[in-house]
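Take the given structure of chain X and dock chain B to it, following the hints.
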Amino acid sequence: MKAEPTVPSSALAAIHAPFEALGAEPVDAPILQPLGLLLDLAGEAMRARLFVVQATGGEETCLRPDFTVPVVRQHLDSGREAGRYYYEGKAFRAALGSDQPDEFRQIGLERFDAADGDAVAADAEIAALAWASAVAGGRDDLTLHLGDIALFGAFVDSQDLAPPLAVRLKRVAARPRLLAAELARAGTQPAPDDSGRLADLLAGLSEPDAASLLEEVWSLAGVEPVGGRGAPEIAQRLIRRAEAARAPALTLDQADAVRRFLAVDDAPAAAFAAVRAIAGKSPQLEAALEGWSRRLALLGEVPADRIRFATALGHAFDYYDGLTFEVRSAALTPDRAVAVGGRYDGLPARLGGSAAAKAVGCMVRPWRAWAGGEA
Amino acid sequence: MSDPLIVAVPSKGRLKEQVEAWLADCGLSLSVTGGSRGYMAELKGAPGVQVRLLSAGDIAETLDAGEVHLGITGEDLLRERGGDVDARILLLRPLGFGRADLVVAVPKSWLDVETMADLEEVGHDLLARTGRRMRVATKYLVQTRTFFARHGVADYRITESGGATEGAPAAGSAELVVDITTTGATLVANGLKILSDGVILKSQAHLTASLRADWSGGRLAVAEALLRTIEARAVAHQSAILTWPADPRDADLVERLVNQGASRRPNGLLTPAGKIAETSLALAAAGIGPVTATSPDFVYETGCISYAALLSRVEN
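Chains as they are written, first to last, in the numbering used here: chain X, 9 to 383; chain B, 268 to 583.
The set of hints was computed from the structure by calculation and includes no laboratory data. By construction, the Cβ of each residue, glycine as well, lies at the ideal position given by its N, Cα and C atoms. Don't take every hint at face value.
Partial list, computed: chain B residues near chain X (C-beta under 7 Å) [claimed, not checked]:
id	residue
1	357
2	376
3	391
Chain X extracted, bound-state conformation (with noise of 0.2 Å):
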């Protein structure tokens, strides 16, 4: 195991001071964490990288990959609507061959909102968080990158597409071998689907009569239903699965359409003005850039010539679902982020909060915010 070096306390202390000025509640969380929650919540991907513990017949857990869900877990346990939740401390994630510390250092924050708060205004001020303490750190070539996951979902549905590709777009946002699947299959005719006909026979019945069907077909066919299945979902996946088949492909301008939205990486007002220029007027994607307008009249502490917007930021992290961000420095590769953070309103819900409420958050690493630390 590598472990990361320490931070001289004096930087470190830099590096803490906005965190402290917020005022937020101090937490801690258990180092082990219950395996299959986590596993539940950011998927089999993340197995490779997680340290597992178990004693000898009891529960299997890991070591914790980061403090988000422990610190959701524990807001939403206190029963409260509202709270800014501040922690530090040592995080692990199996290096795999890189060069990279499996357990390393993070300062980090939590903040829910109720379902009225104001989502912009939270954002703005955990990505100048993040970026008040990476600075902090002594670094002089720091770059704030922002992204937004819902403006994938906006552009979308400006562009007037079959609902079901409009789906299926979205779907496979965060999947880049699905994406370009889908993009290089542009311009072509919907295959021939010869699950087709019993689709057919399906769709025109009604929901439960579909389901007694697809009973009888399975009955004739001999075939005794397993797993978790039921035949109304399997009936009435048949019947989409059908009509995303006989679906269009995107044409080529709209792949291309597609393919320039997601390169779009510049400065914020250039680069929503190539977000207009691409999509064209929607009303969706513009309550989404005029939040963005907010947003960036917020973040005035950043130098305006140190920020970035790329459409594509932040796709792979499987619980964002806002605003994403990155603060990077020069002197590191982009996969080495002094900073990290983004809106996960779904979080909470999927852990047993309400559906309704607001969550963002940061994590800093002092080691790379630190001028003296990683290169």
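For chain B alone, coordinates are given in the frame of chain X:
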């Protein structure tokens, strides 16, 4: 004698019988030392080799760890070691037995799921609708994860399974399985079908070398002798010797046959076994004969492909 070359051989089951038969065919018979329950053995005809009898899974593990030099086990178990396994082991030779496919199988009742792309969508729907991830029962965590990632399937959970994986969907402990199958009959009996693009690996038993093992102290020379014998036997199985009375008219024809993959032998040719009839008929048509075809027992070439591959990887 100096340091022995340690070879791991399956200790039980059908695979053990097949490996013993294969070794015997190569003229190397296995004799267990230390009683019938012993787990050490010798290979008669291969001096300097010490045999260790282990389960197929343990052979994969000890090869990976460098505790044995050579071993015979299934590719499915070797690939399951994870990480960059090709940097730690070298597959020297597929043996043609112990065949099994590692496959993704879903309930037959899922008429809407034929491909991994369907599975991706079903997993996504399930998570969006219920907040739960689709559960995949398997012993093969590493290969499942890699294969699902390659197909963009992210919304699933692995439930580790000890035995009887194929029963998990019927038992309600998983929605689908990733498992080894030879004929598919067990999957069908459990109400499952294999996805059309769901074959993860077509596995068979391989003679495998550990690149982490200590190959110093004359062990490479012992390995070379063993590998040359094994390869000589394998080449012999694929070849036939054709002989005929010396005939001055055969020069052009022999030249042509050599260009097509045969090689010269005294009074004849060594030819691939599948070409016996074709070659003999060509000779007969030229009025050359009678042609006698015999099977060689061993064909020792000057080079040895598997040894050369091993040497290039363990040197430096």
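Mind checking the CB of residue 376 of chain B against every CB in chain X and telling me if the closest is under 7 Å?
Holds, about 4 Å.
When the nearest CB of chain X is found for residue 357 of chain B, is that gap smaller than 7 Å?
At about 19 Å, which exceeds the 7 Å cut-off, the nearest Cβ of chain X leaves the hint on residue 357 of chain B violated.
With chain X as the partner, please determine if residue 391 of chain B meets the hint condition of a C-beta pair closer than 7 Å.
Nearest chain X Cβ about 6 Å off; hint holds.
Checked against the numbered hints given earlier, this structure breaks only hint 1.
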